[in-house]
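Residue strings, one per chain:
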Amino acid sequence: MGRIEKTFLDLAELKQKALIGYIVSGDPNMSSTLMAMHLMVEEGVHVIELGIAFSDPMAEGPSIQQGHERALAEKISLKATLKLVKSFREKDKKTPVVLMGYMNTFEALGSEVFSYAAKDNGVDGILIVDMPLEASDEFTEECRKQGLDVIRLIAPTTTESRIKKICKQASGYIYYISLKGITGADSINPEEVEKKVLKLKKLTDLPVVIGFGIKDGKSASKVKDLADGVVVGTALVDIMGGNKEEIEKHLSIKIKDLSKALRKT
Amino acid sequence: MSKKEKLPDSKGRFGIYGGVYVAETLVPALEELAQKYELIKDDKEFMAEVQDDLEKFVGRPSPLYFAKHWSKKLGGAKVYLKREDLNHTGAHKINNTVGQILLAKHMGKTRIIAETGAGQHGVATATVAARHGLECVIYMGEEDIKRQSLNVYRIKILGAEVVSVNSGTKTLKDAMNEAMRDWVTNVDNTYYIIGSVAGPHPYPQIVRDFNSVVGEEVLFQSKNQIGKMPDLLVACVGGGSNAMGLFYPFIDISSTDLVGVEAGGLGLDTGKHAAPLNAGSEGVLHGMRTYLMQTTEGQIQNTHSISAGLDYPGVGPEHAWLKDIGRADYTTANDQEALDAFKELTLVEGIMPALETAHALAYVKKIAPTMDSEKVIVVNISGRGDKDINTVADIEGIKL
Ligand SMILES: Cc1ncc(COP(=O)(O)O)c(C=O)c1O
Numbered sequence: 010m011g012r013i014e015k016t017f018l019d020l021a022e023l024k025q026k027a028l029i030g031y032i033v034s035g036d037p038n039m040s041s042t043l044m045a046m047h048l049m050v051e052e053g054v055h056v057i058e059l060g061i062a063f064s065d066p067m068a069e070g071p072s073i074q075q076g077h078e079r080a081l082a083e084k085i086s087l088k089a090t091l092k093l094v095k096s097f098r099e100k101d102k103k104t105p106v107v108l109m110g111y112m113n114t115f116e117a118l119g120s121e122v123f124s125y126a127a128k129d130n131g132v133d134g135i136l137i138v139d140m141p142l143e144a145s146d147e148f149t150e151e152c153r154k155q156g157l158d159v160i161r162l163i164a165p166t167t168t169e170s171r172i173k174k175i176c177k178q179a180s181g182y183i184y185y186i187s188l189k190g191i192t193g194a195d196s197i198n199p200e201e202v203e204k205k206v207l208k209l210k211k212l213t214d215l216p217v218v219i220g221f222g223i224k225d226g227k228s229a230s231k232v233k234d235l236a237d238g239v240v241v242g243t244a245l246v247d248i249m250g251g252n253k254e255e256i257e258k259h260l261s262i263k264i265k266d267l268s269k270a271l272r273k274t
Numbered sequence: 013m014s015k016k017e018k019l020p021d022s023k024g025r026f027g028i029y030g031g032v033y034v035a036e037t038l039v040p041a042l043e044e045l046a047q048k049y050e051l052i053k054d055d056k057e058f059m060a061e062v063q064d065d066l067e068k069f070v071g072r073p074s075p076l077y078f079a080k081h082w083s084k085k086l087g088g089a090k091v092y093l094k095r096e097d098l099n100h101t102g103a104h105k106i107n108n109t110v111g112q113i114l115l116a117k118h119m120g121k122t123r124i125i126a127e128t129g130a131g132q133h134g135v136a137t138a139t140v141a142a143r144h145g146l147e148c149v150i151y152m153g154e155e156d157i158k159r160q161s162l163n164v165y166r167i168k169i170l171g172a173e174v175v176s177v178n179s180g181t182k183t184l185k186d187a188m189n190e191a192m193r194d195w196v197t198n199v200d201n202t203y204y205i206i207g208s209v210a211g212p213h214p215y216p217q218i219v220r221d222f223n224s225v226v227g228e229e230v231l232f233q234s235k236n237q238i239g240k241m242p243d244l245l246v247a248c249v250g251g252g253s254n255a256m257g258l259f260y261p262f263i264d265i266s267s268t269d270l271v272g273v274e275a276g277g278l279g280l281d282t283g284k285h286a287a288p289l290n291a292g293s294e295g296v297l298h299g300m301r302t303y304l305m306q307t308t309e310g311q312i313q314n315t316h317s318i319s320a321g322l323d324y325p326g327v328g329p330e331h332a333w334l335k336d337i338g339r340a341d342y343t344t345a346n347d348q349e350a351l352d353a354f355k356e357l358t359l360v361e362g363i364m365p366a367l368e369t370a371h372a373l374a375y376v377k378k379i380a381p382t383m384d385s386e387k388v389i390v391v392n393i394s395g396r397g398d399k400d401i402n403t404v405a406d407i408e409g410i411k412l
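Residue numbers (our numbering), protein chains in the order written: chain W, 10 to 274; chain P, 13 to 412.
Heads up, some of the hints might be wrong.
[To be verified] Pairs of lysine to aspartate or glutamate, EDC-like flavour, derived with a Cα cap of 20 Å:
| id | chain 1 | residue 1 | chain 2 | residue 2 |
| --- | --- | --- | --- | --- |
| 1 | P | Lys182 | W | Glu78 |
| 2 | W | Lys92 | P | Glu173 |
| 3 | P | Lys121 | P | Glu173 |
| 4 | W | Lys84 | P | Glu309 |
| 5 | W | Lys189 | P | Glu43 |
| 6 | W | Lys24 | W | Glu14 |
| 7 | W | Lys174 | P | Glu43 |
| 8 | P | Lys23 | W | Glu143 |
| 9 | W | Lys204 | P | Glu43 |
| 10 | W | Lys189 | P | Asp200 |
| 11 | W | Lys174 | P | Glu44 |
| 12 | P | Lys117 | P | Glu228 |
| 13 | W | Lys173 | P | Glu44 |
| 14 | W | Lys88 | P | Glu309 |
| 15 | W | Lys173 | P | Glu43 |
| 16 | W | Lys189 | P | Glu44 |
| 17 | W | Lys208 | W | Asp225 |
| 18 | P | Lys23 | W | Glu147 |
| 19 | P | Lys23 | W | Asp146 |
| 20 | P | Lys23 | W | Glu150 |
[What the hints assert, rightly or not] Computed spacing ranges between beta-carbons, pair by pair:
| id | chain 1 | residue 1 | chain 2 | residue 2 | range |
| --- | --- | --- | --- | --- | --- |
| 21 | W | Met44 | P | Ala405 | 50 to 58 Å |
| 22 | W | Glu169 | P | Asp54 | 55 to 63 Å |
| 23 | W | Met10 | P | Asp336 | 43 to 51 Å |
| 24 | W | Ser40 | P | Ser176 | 49 to 57 Å |
| 25 | P | Glu173 | W | Lys227 | 29 to 37 Å |
| 26 | P | Leu359 | W | Asn38 | 49 to 57 Å |
| 27 | W | His259 | P | Lys411 | 45 to 53 Å |
| 28 | W | Asp225 | P | Leu412 | 47 to 55 Å |
| 29 | P | Asp398 | W | Lys173 | 42 to 50 Å |
| 30 | P | Glu173 | W | Lys204 | 29 to 37 Å |
| 31 | P | Lys158 | W | Thr274 | 52 to 60 Å |
| 32 | P | Asp200 | W | Lys227 | 32 to 40 Å |
| 33 | W | Asn38 | P | Glu44 | 38 to 46 Å |
Since the hints were derived computationally from the structure, they do not count as laboratory data. Ideal Cβ placement from N, Cα and C applies to all residues, glycine included.
Start from the sequences and build out the full structure, keeping to the hints where you can.
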C-alpha cells in the first residue's frame with residue numbers, strides 16, 4: 010500500500026481529516042524547505058505538496074507566484090527537488106510527498122526519467138496543474154508504471170460526466186478546487202462547495218480534499234466536514250516568503266491553528 | 013486528402029502540437045467555446061454578419077499593391093504588398109476581433125478581456141468592445157506599456173481598462189498569464205479574445221479562420237491582378253496570426269512557397285531574440301504544445317525584439333506543424349535589419365510599416381534580388397508604423 014492510501018486510511022479510522030500543506034520547493038532556499046517539511050509534519054500536516062517553480066505559473070495568485078520567483082532566483086530545479094525529497098526521507102519514511110507543478114518542467118526531464126527518479130527518491134504522487142485528463146496519456150502511463158499516484162483536480166465548472174471520467178483515471182486523492190479562480194483568492198462559498206462535494210463523493214471512493222481559499226483554522230472549519238481533508242497553500246507560502254528569522258515560529262503557529270480546527274468536532 | 017481539411021484534429025492538435033493544456037477550471041469553458049464555434053462557423057447568418065463588419069467597419073478587402081519602386085530597387089522578383097496596414101485600427105488584428113466579439117455576444121458574454129504586446133490587439137479589442145458596448149479589460153506588460161504608450165492611450169480613450177502586468181518578464185507572455193488568471197476567475201461572464209493563433213484549442217483555429225480572409229483575398233487578387241499565383245508568401249511571425257491568415261488558403265497550392273520571419277533580436281547566437289521556431293525546442297506553455305524558447309530545465313526564457321508584437325517565447329502550434337512537415341520555412345531578421353527595412357519601404361514607397369512587419373520586409377530585401385523578374389512575392393504588411401515612432405526616434409537618439 011502506498012503512503013497516500015495508508016495515510017488516508019489511518020485518518021479515516023481515527024475519524025480525522027487530513028491536513029495537506031503546500032510550499033514551494035526552494036522557497037526561499039532548500040534548507041528552509043527541508044526544515045519546513047519536517048516542522049509541518051511535527052505540527053500536524055499529514056501530506057506535503059511541494060510546488061515545483063515555473064517561470065509562468067498560470068494558475069497561481071500573487072503570493073505563490075512570488076514563491077515561484079524566489080525559488081527560481083535560487084535556481085531550484087526539479088532534479089534538486091528530487092534530491093530534497095531523498096533527504097527528507099532520511100528522517101521521515103511515512104509522510105506522503107506530492108510534487109505539484111506545470112507540465113513543461115516535468116516534461117523537460119522526460120516522463121520516464123522523471124517517474125523513475127521520483128519513485129526512487131521517495132515521491133508518492135504528482136499533480137500537474139495544466140495537464141488535464143485529455144492531455145495526459147504518456148505522462149500518467151509512466152507514473153503509474155512506477156506506482157506514483159496521479160492526483161487530479163476537479164473544479165466548480167467540471168460537469169458530472171467529466172467528473173466520472175476524471176475519477177476513473179485518478180488515484181491517491183481527488184483535489185476539489187473550491188472556487189473559480191487562482192490560488193490565494195478568498196471568495197469561498199461553503200454552501201456551493203457543499204453541494205458540489207456531496208455530488209463528487211457519490212462518484213468516487215477516493216478521498217476528496219478541498220483546496221483554494223483556505224488560509225486559517227476558521228476557513229478550514231467551514232469546509233472540513235464536507236470532505237476528507239483540506240489543502241493550505243498561500244498562507245504557508247506567505248510565511249516562507251516573510252522574515253527568515255520568524256519562519257519557524259509563524260509556520261508552527263499557523264499549522265497548530267489549522268490542525269486544531271480540523272480536530273474539533 | 014488535403015493537408016488542411018482536417019486540422020486541428022478532434023483533440024485540437026496539429027500533429028503533436030496544439031492541444032488543451034490548461035487548469036481544469038478552464039477545460040469546460042474551452043469545450044463549450046469549441047462546440048459553439050463548430051456550429052457557428054457554418055452558420056450563414058453569423059458569417060454574413062462577420063462579412064458585413066469586415067467590409068463596412070474594417071474596410072475590406074485591403075488592396076494588393078504592387079511595390080513598383082521597391083521591386084525595381086531590389087532588382088529581382090516583383091514584390092506585392094498586402095495592405096493590412098490600411099485596415100481600421102491599423103493592423104490585421106482587427107480581422108480576428110471583429111469575428112470573436114460576435115462569437116462572444118452570441119455566447120451571451122458581457123465582459124471582454126485580452127492580452128496585448130504591441131498594443132495593436134489591445135486597440136483592436138477595445139475598438140470592437142466599444143462598438144458593441146461591452147466592458148473591456150486589456151492586460152499589458154509593464155515593459156510594453158512603456159514602449160507602446162501611444163496605443164495604451166488609444167485603448168483608454170476607447171473606454172477599456174489597461175492593467176499593467178509586472179510579473180515575470182513584464183511583456184506579452186506575462187500579460188497572457190494574467191489574462192488567463194482573470195479568465196479562470198470570471199469565466200461565467202467573460203470572453204477571452206486571444207490575439208494570435210496561440211493558446212489552447214480552439215483559439216489557434218478560431219484566430220486562423222478569422223484571419224484567413226487575408227489569404228483568401230490574396231488568392232482572388234493574384235488571379236485578377238497578376239494572372240498567376242504568387243511564388244512566395246512572406247509574413248512576420250510573433251504568435252503567428254498574420255502569417256497563418258495569409259498562408260492558410262495557400263497550404264494546398266504547392267507552387268507557392270511560404271516563409272515566416274521571426275524576430276532575430278540581437279542575433280540568434282546572442283540568445284537575445286524571439287525565434288522559437290529557429291532556435292527553440294518543443295514544450296508546453298499557455299495551453300499549447302509548440303516550439304518554445306526555454307532552458308534545458310523547462311523554464312521559459314526572456315525574449316528580446318525591437319518590436320513588442322514579436323516579443324513572445326512561443327509560437328502558434330500550426331506553424332510548429334508546418335515547419336516539421338516542411339510546408340513552410342521559418343527564418344529570422346534581426347533588429348537592425350528590420351529597422352533598415354522599415355526606413356527603406358517608407359522612403360521608397362511612402363508606406364511606413366510596423367516594426368513587426370519590417371522583419372518580413374528585411375527577408376524580402378534579401379531574397380527578392382536573388383529571384384527572376386517573373387517571380388512574384390506577396391508580403392503581408394501586417395500593420396502600420398505609427399505606433400513605433402517613439403521606439404524608432406529613441407533608437408536614433410531623437411527626443412520627440
Ligand atoms: C503589426 C503587427 N504585426 C504582427 C504582429 C505579430 O503577431 P502575429 O504573429 O500574431 O501576426 C503584431 C502583434 O502585435 C502586430 O501588431
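Against the structure, the hints:
1. Lys182(P) with Glu78(W): 13 Å, holds
2. Lys92(W) with Glu173(P): 46 Å, violated
3. Lys121(P) with Glu173(P): Satisfied, since the Cα-Cα distance of roughly 17 Å is no more than 20 Å.
4. Lys84(W) with Glu309(P): Holds, at about 10 Å.
5. Lys189(W) with Glu43(P): It holds: about 17 Å lies between the C-alpha atoms, which stays within 20 Å.
6. Lys24(W) with Glu14(W): 15 Å, holds
7. Lys174(W) with Glu43(P): Between Lys174(W) and Glu43(P) the Cα gap is close to 15 Å, so the pair holds against 20 Å.
8. Lys23(P) with Glu143(W): 8 Å, holds
9. Lys204(W) with Glu43(P): 23 Å, violated
10. Lys189(W) with Asp200(P): 9 Å, holds
11. Lys174(W) with Glu44(P): 17 Å, holds
12. Lys117(P) with Glu228(P): 26 Å, violated
13. Lys173(W) with Glu44(P): Holds. Lys173(W) to Glu44(P) sits at ~18 Å (cutoff 20 Å).
14. Lys88(W) with Glu309(P): With Cα atoms ~9 Å apart, Lys88(W) and Glu309(P) stay inside 20 Å; holds.
15. Lys173(W) with Glu43(P): 17 Å, holds
16. Lys189(W) with Glu44(P): Given that 20 Å is the threshold and the Cα spacing comes to 16 Å, the pair holds.
17. Lys208(W) with Asp225(W): The hint is violated at about 26 Å.
18. Lys23(P) with Glu147(W): Holds, at roughly 15 Å.
19. Lys23(P) with Asp146(W): 13 Å, holds
20. Lys23(P) with Glu150(W): The given pair, whose Cα atoms are some 19 Å apart, holds under the 20 Å limit.
21. Met44(W) with Ala405(P): 50 to 58 Å: 54 Å, holds
22. Glu169(W) with Asp54(P): 55 to 63 Å: Violated, since Glu169(W) and Asp54(P) (Cβ atoms, about 29 Å apart) do not stay within the stated range.
23. Met10(W) with Asp336(P): 43 to 51 Å: 44 Å, holds
24. Ser40(W) with Ser176(P): 49 to 57 Å: 36 Å, violated
25. Glu173(P) with Lys227(W): 29 to 37 Å: With a Cβ separation near 33 Å, Glu173(P) and Lys227(W) satisfy 29 to 37 Å, so the hint holds.
26. Leu359(P) with Asn38(W): 49 to 57 Å: 56 Å, holds
27. His259(W) with Lys411(P): 45 to 53 Å: Check passed, 51 Å falls within 45 to 53 Å.
28. Asp225(W) with Leu412(P): 47 to 55 Å: 53 Å, holds
29. Asp398(P) with Lys173(W): 42 to 50 Å: About 54 Å separates the Cβ atoms of Asp398(P) and Lys173(W), which means 42 to 50 Å is violated.
30. Glu173(P) with Lys204(W): 29 to 37 Å: At roughly 33 Å between Cβ atoms, Lys204(W) and Glu173(P) fall inside 29 to 37 Å, so the hint holds.
31. Lys158(P) with Thr274(W): 52 to 60 Å: 57 Å, holds
32. Asp200(P) with Lys227(W): 32 to 40 Å: The hinted range 32 to 40 Å is violated for Asp200(P) and Lys227(W), with Cβ atoms some 27 Å apart.
33. Asn38(W) with Glu44(P): 38 to 46 Å: 43 Å, holds
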